[in-house]
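All chains should be built: construct the whole structure from the sequences, respecting the hints.
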Amino acid sequence: GKRMDAKCCETLEEIFKRLQFEFIELEETLLDDDSNSLLELKACGIPLLEYPAHFVARALQISNLSILHLDNTGLSGRPLMLLVSALKKNTRLQELYLADNELNSLQDSMHLGELLRYNNSIKLLDLKNNHISDAGLEDICEGLKKQRNVGLRCLILWKNQITTKGIGPLVSVLPCLRYLQTLNLGRNSLRNEGVLHLKDALISNRSIQRLGLVSTKVTCEGAVALAEFLAESPCILRLDLRKNTIKTGGLMALSLALKLNQSLIRLDLDEKPRNETVSILKELVCVRRKTLLKLRFFV
Numbered sequence: 003g004k005r006m007d008a009k010c011c012e013t014l015e016e017i018f019k020r021l022q023f024e025f026i027e028l029e030e031t032l033l034d035d036d037s038n039s040l041l042e043l044k045a046c047g048i049p050l051l052e053y054p055a056h057f058v059a060r061a062l063q064i065s066n067l068s069i070l071h072l073d074n075t076g077l078s079g080r081p082l083m084l085l086v087s088a089l090k091k092n093t094r095l096q097e098l099y100l101a102d103n104e105l106n107s108l109q110d111s112m113h114l115g116e117l118l119r120y121n122n123s124i125k126l127l128d129l130k131n132n133h134i135s136d137a138g139l140e141d142i143c144e145g146l147k148k149q150r151n152v153g154l155r156c157l158i159l160w161k162n163q164i165t166t167k168g169i170g171p172l173v174s175v176l177p178c179l180r181y182l183q184t185l186n187l188g189r190n191s192l193r194n195e196g197v198l199h200l201k202d203a204l205i206s207n208r209s210i211q212r213l214g215l216v217s218t219k220v221t222c223e224g225a226v227a228l229a230e231f232l233a234e235s236p237c238i239l240r241l242d243l244r245k246n247t248i249k250t251g252g253l254m255a256l257s258l259a260l261k262l263n264q265s266l267i268r269l270d271l272d273e274k275p276r277n278e279t280v281s282i283l284k285e286l287v288c289v290r291r292k293t294l295l296k297l298r299f300f301v
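Each residue of the sequence shown is one higher than the one before, counting from 3 in our numbering.
Simulated from the structure, these hints should not be mistaken for lab results.
There could be a bad hint or two in this list.
[As the list claims (entries may be wrong)] Using C-beta positions, here's what the derived DEER-type ranges look like:
| hint | residue 1 | residue 2 | range |
| --- | --- | --- | --- |
| 1 | Q96 | E12 | 39 to 49 angstroms |
| 2 | A45 | K91 | 15 to 25 angstroms |
| 3 | G251 | D202 | 20 to 30 angstroms |
| 4 | R240 | E195 | 15 to 25 angstroms |
| 5 | H199 | L51 | 36 to 46 angstroms |
| 6 | N66 | H199 | 40 to 50 angstroms |
Where a beta carbon is used, it is the ideal one built from N, C-alpha and C, also for glycine.
Quick look at the structure:
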């Protein structure tokens, strides 16, 4: 008979963290439609096999969830197919986290492509630490082609065995994605060649604000290509180049690009460059204090 307000729910939350229950009765607690709607669910590390996946999929069809974390749940295969089938018509989910699920470049990537093809409401898709690879990236890009007017804003493909050879589909679709703001390709073997292929597509895109290229085996040649992108981009806010071997030549190109770029507020670099280059970059920081540019060096 007691009304369950926000304070009561917070108290119960602390209790649930410490105790396990088999049955909880919330009868006559005067819960309304707003107070009994779950907005975020974290089920990381819980095996989601085919049988329980049926129930999750059924619930997602009528759910008000905005954020769903299914990292490390063994989702590969039929469980992912069931999840995607349910989410195709779901217009409420905004963020979907599927890291560490061993998602492959065969059926799994095909299902993800279908999800992106039919669902334009998901704004963030986190696929880090999977096995999407080059073939799987092509499936995902096919789905993204259908999102030209509205759709994904953040795509995380960190450590997915993507190489220079498979970057072509992404190069083709990037100029069409007017809403994509964050692209993380870290820990993939893109090398200089892959970055060179991406350069023109990034320049044409005009919406990317955060670009992650940590440990992508980029050297000075790739840094020069990225400098060209920086010089042209009106909206890039952060560029992360940590764990790459970028020496003085590449850093000089980046520093020159910063004279033209007026949007960048954070540039992450890994290895400490030579003293003369540091002084040049620091000078640029002083000149551009109005834009709050931060140059971060991680040794």
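Quick rundown of the hints versus the structure:
1. At roughly 23 angstroms, the beta-carbon separation of Q96 and E12 lies outside the given 39 to 49 angstroms, and the hint is violated.
2. At about 21 angstroms, the beta-carbon gap between A45 and K91 stays in the expected band of 15 to 25 angstroms.
3. Here the CB-CB span from G251 to D202 is close to 21 angstroms, well matched to the stated 20 to 30 angstroms.
4. About 24 angstroms separates the C-beta atoms of R240 and E195, a value consistent with the hinted range of 15 to 25 angstroms.
5. Here the CB-CB span from H199 to L51 is close to 40 angstroms, well matched to the stated 36 to 46 angstroms.
6. Taken as a hint, the range 40 to 50 angstroms holds for the pair N66 and H199, whose Cβ atoms sit roughly 41 angstroms apart.
Violated hint for the displayed structure: number 1, the only one.
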